[in-house]
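J.: Listed here are the chains, written in short residue letters.
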Amino acid sequence: MSDFPWLTVLVLVPLVGSVAVALLPLPAAQAKQAGLAVSVVTLALAAAVAAQFDVDGGMQLTETHDWISAFGVHYALGVDGLGLLLILLTAVLVPLVLLAAWSDTDQPLGPDGEDETTRQGSGRAFVAWTLALEALSLAVFAATDVFLFYVVFEATLIPAYFLVGGFGREGRSAAALKFLMFQLAGGLVLLASVIGLYVVSAQQGSPSYLLSDLEQLDIGTEAGRWLFLGFFIAFAVKAPLFPVHTWLADTTERATPATSVLLVCVLDKIGTFGMLRFCLELFPEASQWATPVVVALALVSIVYGALIAIGQDDILRLIGLTSLSHFGFITLGIFVLNTQGGSGAVLYMVNHGLGTAALFLAAGFVIRRRGTTLISQMGGVEKVTPVLAGLFLVAGLATLGLPGLSTFVSEFLVIIAAFQYQWWVGAIAVTGIVLAAIYVLWMYQRTMTGPTVPALPGTGTGADPDATGSTRTDLTVREGVVLVPLVVGLVLFGFYPGPLLEASNPYVGTLLERVGVTDDAPTVTSPESETPASAEEGS
Amino acid sequence: MDSTTFVKPTLDYVHLWPILVVLGVAALGVVVEAFVPRARRFVTQTVLALAGLAAALVGTVLVGLDLTEVGDGAARGLLTAGGTLVIDGPAVFLWGLVLIFAVGGVLLFAERRLEGGVSAFAGQAAALPGTEAERQAQGLDHTEVYPLMMFAVAGMMIFPTAGDLLTMFVALEVLSLPLYLLCGLARRRRLLSQEAAMKYFLLGAFSSGFFLYGVALVYGFAGSMDLAAIDQAVRADTGNHTLLAIGMGLLAVGLLFKVGAVPFQSWTPDVYQGAPTAVTAFMAAGTKIAAFGAILRLFYVGFGSDRWTWQPMLWVVAILTMVVGAVLAISQSDVKRMLAYSSIAHTGFLLTGVLGVQTSAELADGQVTSLQAILFYLTTYGFSMVAAFAIVTLVRDSGGEATAFDRWAGLGRRSPWVAGAFAFLLLSMAGIPLTGGFVGKWAVFTVAFSAGAWPVVLVAIFSSVVAIYFYVRHIRLMFFTAPTADSAAVVAPSLLTSATIAVGVLATVLLGIVPGPVLDLAGHAGEFIR
Amino acid sequence: MDTTPYVVLSAILFTIGTVGVLTRRNAIVVFMCVELMLNACNLALVAFARQHGNLDGQIAAFFVMVVAAAEVVVGLAIIMTIFRTRRSASVDDASLLKY
Amino acid sequence: MELYTPVLVLAALAAGFAVFSVAVSTLTGPKRYNRAKLDSYECGIEPTPQPVGGGRFPVKYYITAMLFIVFDIEIIFLYPWAVHFDAMALFGLVEMVIFIATVFVAYAYVWRRGGLEWD
Amino acid sequence: MTPDDLSAFGQDPWWLVLVKAVAIFVVLVLLTLFNIWWERRVVARMQHRIGPNRNGPFGLLQSLADGVKLALKEDIIPKAADKVVFVIAPVLAVIPAFVTFAVIPFGPEVGVPFSDRTTPLQLTDMPVAVLFVMAIASIGIYGIVLGGWSSGSTYSLLGGLRSSAQMISYEVAMGLALVAVFLYAGSMSTSQIVEAQSDVWFGLILLPSFVIYVIAMVGETNRAPFDLPEAEGELVGGFHTEYSSLKFALFFLAEYINMATVSAVATTLFLGGWRAPFGIERVWEGANEGYVPVIWFFAKMLVFIFFFIWLRGSLPRLRYDQFMAFGWKVLIPVALVWTVAVATMRLARNDGWFAELRDPVSLAIAVGVAVVLLGALFAFSAREGEPEEVPDTAAARPGGFPVPPMPAGGARRGAAAPLRFASTSPSPGAASSDPAPATVPAGAGEEH
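Note that the protein sequences, when read in sequence, are chains R, Y, G, C and Z.
Each residue of the first sequence is one higher than the one before, starting from 1 at the first, in UniProt numbering.
Each residue of the second sequence is one higher than the one before, starting from 1 at the first, in UniProt numbering.
Each residue of the third sequence is one higher than the one before, starting from 1 at the first, in UniProt numbering.
Each residue of the fourth sequence is one higher than the one before, starting from 1 at the first, in UniProt numbering.
Each residue of the fifth sequence is one higher than the one before, starting from 1 at the first, in UniProt numbering.
It is possible that some hints are incorrect.
In silico BS3-like pairs for lysine-lysine, Cα to Cα no more than 30 angstroms straight-line [as the list claims (entries may be wrong)]:
#	chain 1	residue 1	chain 2	residue 2
1	Z	K83	Z	K73
2	C	K37	Z	K79
3	Z	K83	Z	K69
4	Z	K79	C	K31
5	C	K31	Z	K69
6	Z	K69	C	K37
7	Z	K83	C	K60
8	Z	K69	Z	K79
9	Z	K83	C	K31
10	Z	K329	C	K60
Cβ-Cβ distance ranges computed for the label pairs, FRET-style [as the list claims (entries may be wrong)]:
#	chain 1	residue 1	chain 2	residue 2	range
11	Y	D520	R	D218	26 to 32 angstroms
12	Y	K8	Z	V330	32 to 38 angstroms
13	Y	V47	Z	V211	43 to 49 angstroms
I should point out that these hints are in silico values taken from the structure, not numbers from a laboratory.
Just so it is clear, the structure is predicted and the values come from calculations on it, not from any experiment.
Here a beta-carbon is modelled for each residue, glycine too, at the ideal position from N, C-alpha and C.
Based on the provided sequences and hints, a complete structural model is requested.
T.: Below you can see the structure in the form of structure tokens.
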């Protein structure tokens, strides 16, 4: 059983699916169904992987084959706690995204989409690109060879680029270009470091890119710091962190909410994932050396992201900026270098995935109804569609980390870690929460409450196949199927984060050992945590 | 003249087979031109050329198989024709490349559907545009292009094989002169084409003058044209070192011109744009391959022991080339010019690889050598360039090829396949992973980095970012811009062009996903014979 | 025998040719300057051959002559075509390819 | 170089004579100005003098020059070969035959394409 | 290959060199004067005229008189001309003509009078003497081209171009013809070549080369029947239309010296140079010593000169296209093939031919090439040019080329009726009974 290439299959299924969808001349509707089916199968596979995951087994389900012997490059896959969680997150989100975007491609978002959107096979294209993105992301989370990681890491940008540039609102192609340029620039910096790794490993015997081999190297302080820098910058752009975040808001504003979910909740996780997987594991010394700066950047991201989010009028842009703040938290958790921080960060990635996804999609539904993305033109939605409004509220509360929702746990852990690190760091982080409360609640107030604003004439009506386009109808079944699981997940892990911690703690422990920091694992304040929970329920 | 007793040089006909075949076919082509009636020339020439190239390819493979190790086993091969030709692993590898792309070139030359029954070459090169003479030559086309191209191919094969400076010079001219002519033979846009030919010729002759004076000076230094002897002289450091330095510089000028390195790049965009696109495709791939082979042999074998004299120069040139190529490409508004500038940038990357030379002592076992890296890069570069220019020939309007950017707007909507292929090739040139270009870049950067040229690598990475910008901008143009009224359409080509494109794209994909075999082959080629 | 004067002379000729190419505008004249450069090379080659007492240089000079001849033929053909089309051999007039 | 100095002597002598006679003719000859006399001769009709250097003439001459270059080069290679032929024996013969054949190919091409025709 | 033994040369003191140079100079000038006179006399005889007979014995001083006359003529420089080049051109034409004679051997080593040293009867010699001759000769062409170009007249320009074109065309044939000689002599130094002919003249064993050379040399010197550059009918005076006075004289001088030069070269390369004709040295062993051989040399040379004159007197001028076609399509291929043949024969004679042929590659190549050559030749003779590319000239000009109108009563064979100086005015019948010859000899108009 164990020698069955689970991860390869996991990656191949969506990949093949996307190619098939792209090549077969299906009508859009069937293409969507096919894509959905593929993604569900993928989800099942991910669950199966999780099922045989041994919490304390470290890296498992590994597959290693020579790929480019001249470079010492292998095709090597494997999962550990971190990888598993993110794989599951991805596998869960993609079907939901496909469902959520069911009608986006038939009825372009916003009043000014027609001139740019391609009608022919566009639905197919969306499905194909989404599946491709899923496949590559899964590969990224499973890669245990730095070269392989780099390759897929860069490759994810292509589908992402076409998703952003191909679907969404006016000016999206410019946004896509900006997005791509930022990412590729970061990627090429990473390239330099990866090459550097090769050189170092070549100097110490035969070159190899296997993570396991690279961990054996003793990289000189100087070299280590340079290489670390290369990795960190790339991941900072990806994440994003404060100085290199500017692509984020534009992209989320122009792209469809579905795409934004894929970008923010899946792709950007690669950044923080990389920080843990490579920066800390390969360059422990350099990581500690860089901590102060990184923490500072994280704090700036938290506060700055929250502040500018408050004033936004475009709802998608606003949500995008909240993520900046959230990624600040995650990075903070990672780089304070203690177990609370580590576990918190890992949890945070998952929770933020769920929460922000819910928020984006809900916002998308609202926009679909109101025919605008401008908060100032919404209002009174809750009177018309109470259920949608309610779910939107839950998602929003999750974003601001309300106790009882899963995000609270992770945010709490991170802040504790921050206080352990430096009291004032913790203090500043807390202000982030306060600001979050402001922008979330104010946004809710402006969009949902108040007098009902009539929908903009001639938009959003009748274009939807299942007739949800009307501004009057409440949440449809499809939309419900999209939102409910996310909200459930938020609530569930809010009260019962055990499984996530089970999965992440051992990983964090070993990681911090390698970095050279040891303290006791975090204790969770919920009684259920004593009962050992197996990770299946996490899925 | 002093009476030196005559010793009969031994010509190893077996190992020279590929070159001899190509030359023979070229001469035969001229005979065909002379005696076969015009009606049957086109077919005869095409078949003849393809057959010759195929034979030469087979010969190349066979030669490559039975190269014997020499010296310490680092290099495999033999010297022939009194040491003027060195048939070693890299040389044979480059032969293979040149021949493959020559086949592609022939296929593109032979394409006749695009122009409606005639090839892309002028019916009567000397006829003035818009005159009676030209109108008479309307239905005809110059089949001389095939022999010309064959001669160029032969020159390209001899160039990296040359074991002494004189042979190198002659090969340089043999490969250049036909290209000068080919550039001027376009059927459409005659003036542009002729102008390109003149610029190419004048500058080319100029640079070959430099090369020749370099030959003279180095000969004055070493007292011999033989690269091995020069190497000896350099090691012994007998004779006037300034002669050597200046000569080296002048030789470099001549060679760097051929590869279109800054500051000798000025001809590249004009010629690439003006020449018939088929010729551009062949030229872009072939010339660069041959010239880099020569550069490598000259600097590794001839001046290898004097690395510290030429490496600083190459550092500067490489940096300039990459930056200028990438930056100027942004301001272009014509596909062919953009590709030309990108090829300049590629030259810079290749030069970065040249800087990665290390003695075998410095290398860890299994570490990729600079030669290996460059050979691989040339492979990927050649495939993507040929295919890209082949695609350019397809995008046309009533006036022939439409190469202006705005004509390409929304191409992705009208013909997603062609646009997709082009986009993929551009991505490969940009060095996006899972394409051949990525692995190539990876290889050259790696070797340069391990040789300690990390500043150059950093610049290279910076210019890659810039380069990516204009590549992606073009992709965006094709896919995310609404087609306008005067957008050009894609003309369905015959099997010839389609095959070329298909092979090029396929090769780029494979080289990106499974580069292992080619890399190993390049590594297996071993070192130059010193 | 001391060949320095010849080498110097060749250098001077070469320089003249180079300057000519860079400064003159008439394609034919530019071309003649190139030929001058080649002949300067010949002079240098022969001089060095004398100095080293071997024939390589002289043989090289032979080949250079051939190459020069070939260049003349090709070059004049190209320049003449341009001249016929635009009635002028000035390099500046050929400006379609400026961007 | 001693072998070549006598040539210079003779050349100097000839040059002296030529220059002398050119100079003398200007002195000895009469000077009677007459505009028509200075026109270029054209069988009595109104002369249409060529601007010096601007004259355009049949491209045939250019082709002849090209061919001449090609064959003259060939001859240049033939001479040393001929002088040392005995030493090179068969090898020399074969190589030169190949060489001549190559030139012959070009020659055949020119011939067939009417490059040798004077219309 | 043993290096050429030129030890005899380069030994002379400066005064001896000077003497030789002056001697050659004087000889050439006198020879020219003589040749002009001789030509006019011979041609006159051929045309039943008397020729110059007034000045000096047999009019020998006629040429000198002409020279003086020319010197006294006005020296015109057309205003359309490029002054400098116009003046330089004749000088440029004359100098090479003289210089080529520097390497012509007039005789063997002789004792110098009034001194005890010996010296060869030859100004100097060099390993590449013949190449030197050809090089210098082709410099002479510059004189003609520049003369024609700088005159600023259409006639001159075309004349200059024509003559240069035909000179270079025939230079190729000439050069190819010489290869065989070098092949046999194993040297390019004139003295060595003469030495190599001590037993048999190359003119006999290399007859084709000899013939080709002789034809080529006529074309090379622009002499009838190849005197197209000066074709009065079409080009007035050709390149020297605009020249007058002594400048014209210089061109004239150059032309005649060139005649002498090519004759001298022919003598040296093919007729054994200064060596006495066969047999003579047997009956008189002094024939090849001392100053005697000079006689043989000049004798042979004058034979060639006479041949020139003879041609001019008897042959009509060729059409330019015929002329070029003859040079390019006949002489050159024949010369090439002949060269190969000679080399093969020589090789066969030198060493066991069939032993060598075991080398399969060489055999294959040789055979292949031979086939190619022959095939090519056949192909040419089969069908010339390509219909769609070579317009049919005949069709273009119906009626072909103009020929002089037939005189009334048709062409008369044999001698023309003698002139009758009747006291009465000649009757119309006399006019009709006194037609011009059907074919007007080209040179006939050149009487001054």
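J.: Now look at each hint and say whether the structure bears it out.
T.: Results of checking the hints against the structure:
1. K83(Z) / K73(Z): holds (19 angstroms)
2. K37(C) / K79(Z): holds (9 angstroms)
3. K83(Z) / K69(Z): holds (24 angstroms)
4. K79(Z) / K31(C): holds (15 angstroms)
5. K31(C) / K69(Z): The hint holds at about 15 angstroms.
6. K69(Z) / K37(C): holds (19 angstroms)
7. K83(Z) / K60(C): Given pair K83(Z), K60(C) holds - Cα atoms ~28 angstroms apart, limit 30 angstroms.
8. K69(Z) / K79(Z): Given that 30 angstroms is the threshold and the Cα spacing comes to 24 angstroms, the pair holds.
9. K83(Z) / K31(C): holds (17 angstroms)
10. K329(Z) / K60(C): OK: K329(Z) and K60(C) at ~15 angstroms, within 30 angstroms.
11. D520(Y) / D218(R): 26 to 32 angstroms: At roughly 30 angstroms between Cβ atoms, D218(R) and D520(Y) fall inside 26 to 32 angstroms, so the hint holds.
12. K8(Y) / V330(Z): 32 to 38 angstroms: Cβ of K8(Y) to Cβ of V330(Z): about 35 angstroms, so the range 32 to 38 angstroms holds.
13. V47(Y) / V211(Z): 43 to 49 angstroms: holds (44 angstroms)
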